[in-house]
Amino acid sequence: MRFIPFAMSLGFLIWVSPVQADSTLTEKHGCSSCHRFSAEASKEPAKTPDLFYAGNKFQKPWLEKFLQSPVVVRKVGTSTDPDFLKQPLTSTPPHPSLTEKEALAMADYLMSLTLPDLSQGTVDDVPLTKGTRVRVKILFERNYGCIACHEGINLAGQARGGISGPSLANAGNRLAADWVFHWLKTPKKFIAKGRMPYFNLDDESAVKLTKYILSLKVGDWK
Amino acid sequence: MTWKNPLKILFCGWLVLQLSGCGDSEKKTDEPPPAAKAAPETSSPPAPKISLVTAKTRETYQWYCSQCHGLKGKGDGVNARLLTVPPRDHTKADYLETRTDQQLFDAIKLGGLAVGRAPCMPSWGHTLDEKMIHSLVRYIRELCECEAF
Numbered sequence: 167m168r169f170i171p172f173a174m175s176l177g178f179l180i181w182v183s184p185v186q187a188d189s190t191l192t193e194k195h196g197c198s199s200c201h202r203f204s205a206e207a208s209k210e211p212a213k214t215p216d217l218f219y220a221g222n223k224f225q226k227p228w229l230e231k232f233l234q235s236p237v238v239v240r241k242v243g244t245s246t247d248p249d250f251l252k253q254p255l256t257s258t259p260p261h262p263s264l265t266e267k268e269a270l271a272m273a274d275y276l277m278s279l280t281l282p283d284l285s286q287g288t289v290d291d292v293p294l295t296k297g298t299r300v301r302v303k304i305l306f307e308r309n310y311g312c313i314a315c316h317e318g319i320n321l322a323g324q325a326r327g328g329i330s331g332p333s334l335a336n337a338g339n340r341l342a343a344d345w346v347f348h349w350l351k352t353p354k355k356f357i358a359k360g361r362m363p364y365f366n367l368d369d370e371s372a373v374k375l376t377k378y379i380l381s382l383k384v385g386d387w388k
Numbered sequence: 342m343t344w345k346n347p348l349k350i351l352f353c354g355w356l357v358l359q360l361s362g363c364g365d366s367e368k369k370t371d372e373p374p375p376a377a378k379a380a381p382e383t384s385s386p387p388a389p390k391i392s393l394v395t396a397k398t399r400e401t402y403q404w405y406c407s408q409c410h411g412l413k414g415k416g417d418g419v420n421a422r423l424l425t426v427p428p429r430d431h432t433k434a435d436y437l438e439t440r441t442d443q444q445l446f447d448a449i450k451l452g453g454l455a456v457g458r459a460p461c462m463p464s465w466g467h468t469l470d471e472k473m474i475h476s477l478v479r480y481i482r483e484l485c486e487c488e489a490f
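Residue numbers (the working numbering), protein chains in the order written: chain A, 167 to 388; chain B, 342 to 490.
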């Protein structure tokens with residue numbers, strides 16, 4: 167019977183080692199000096215986006231690309247930072263970038279960071295019909311005024327809208343549908359105190375808005 | 342659809358105007374939309390006589406409202422120049438004197454669209470409690486150094 171604990175500890179080693187290797191990767195590249203990779207890490211407000219739920223939030227191909235050639239999502243900085251908007255913005259420093267090999271390994275690691283209690287399959291992948299999409303676009307731009315703080319895509323295919331919130335102009339390539347749904351329904355699961363108003367959406371509206379957001383894509387993004 | 346019928350074209354133009362949201366910078370205007378014809382649906386009993394402006398009120402304003410109205414309420418937040426209708430300058434007495442406290446309260450709680458103002462003013466009724474909204478109204482009265490006529 168001595169064999170069982172041995173096998174268990176072997177299994178444990180195998181299970182834990184790749185993750186460990188990767189979390190030292192985030193230290194090696196200095197990521198952990200800016201980002202938090204665990205929900206318990208700190209109760210302080212985040213000065214840069216939290217990544218402990220990256221596996222829920224992102225589409226993997228976007229991460230792989232972002233880590234190699236970063237793009238600006240938050241034109242005026244991170245809204246959870248208490249100093250957000252307090253000073254006129256000079257320029258955002260460029261995000262560190264990784265080689266292709268490093269980026270693929272890092273994306274694997276980031277996709278393993280998920281919250282245990284998030285339901286999946288909240289949003290089916292049937293796209294909005296043309297008519298419904300027009301109606302939801304009106305919700306996004308008019309009734310809820312989401313566009314006042316977020317970039318969307320106008321008829322000419324250009325990003326347009328407010329910039330205090332993260333750009334949603336390429337959200338269809340960037341964000342995972344389930345995560346967007348959960349963000350709209352229960353933002354506190356991810357951010358203790360943000361600056362987006364709470365809309366108290368019913369499930370149906372949250373699903374429709376999620377599908378609309380997931381339809382926003384920047385044309386030449388590959 | 343063919344574009345032969347001029348009425349159709351007219352109709353489409355009208356539709357675009359009706360449906361326009363608040364982010365289309367193409368149609369930027371400095372004019373506020375006409376005031377609501379119908380009385381706005383009132384949401385709550387009139388503001389109590391005394392609601393205090395505390396440090397928390399100012400922090401709340403700076404945390405949320407400054408995104409559009411600016412840190413000092415001058416209507417110059419980061420989103421301001423990207424909106425169809427500019428955010429109100431909360432330091433301008435000549436306009437704010439024409440609005441009652443109840444009207445300001447309703448605009449904050451229910452959002453611009455619900456009270457016949459521009460939709461780019463979001464509703465804060467699910468984010469802030471009524472006590473805080475009342476004290477934000479008082480804070481705006483401090484900023485404009487004005488009261489309703």
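You may find that some hints are simply not true.
When the alpha-carbon atoms are kept at most 25 Å apart in a straight line, the in silico SDA-like pairs for lysine to any residue are as follows [stated by the list, open to error]:
1) A:K194 - A:P215
2) A:K241 - B:V426
3) B:K397 - A:M277
4) A:K209 - A:M277
Over 10 Å on every C-beta distance to chain A, these chain B residues come out as not near it, computed from the model [what the hints assert, rightly or not]:
5) D435
6) K472
7) A489
Calculated directly from the structure, the hints in this document are not laboratory data.
The C-beta atom is built at its ideal place from N, Cα and C for all residues, glycine as well.
Practice task
Quick one: which hint numbers does this structure break? Sort them smallest to largest.
Solution key: The structure breaks only hint 3.
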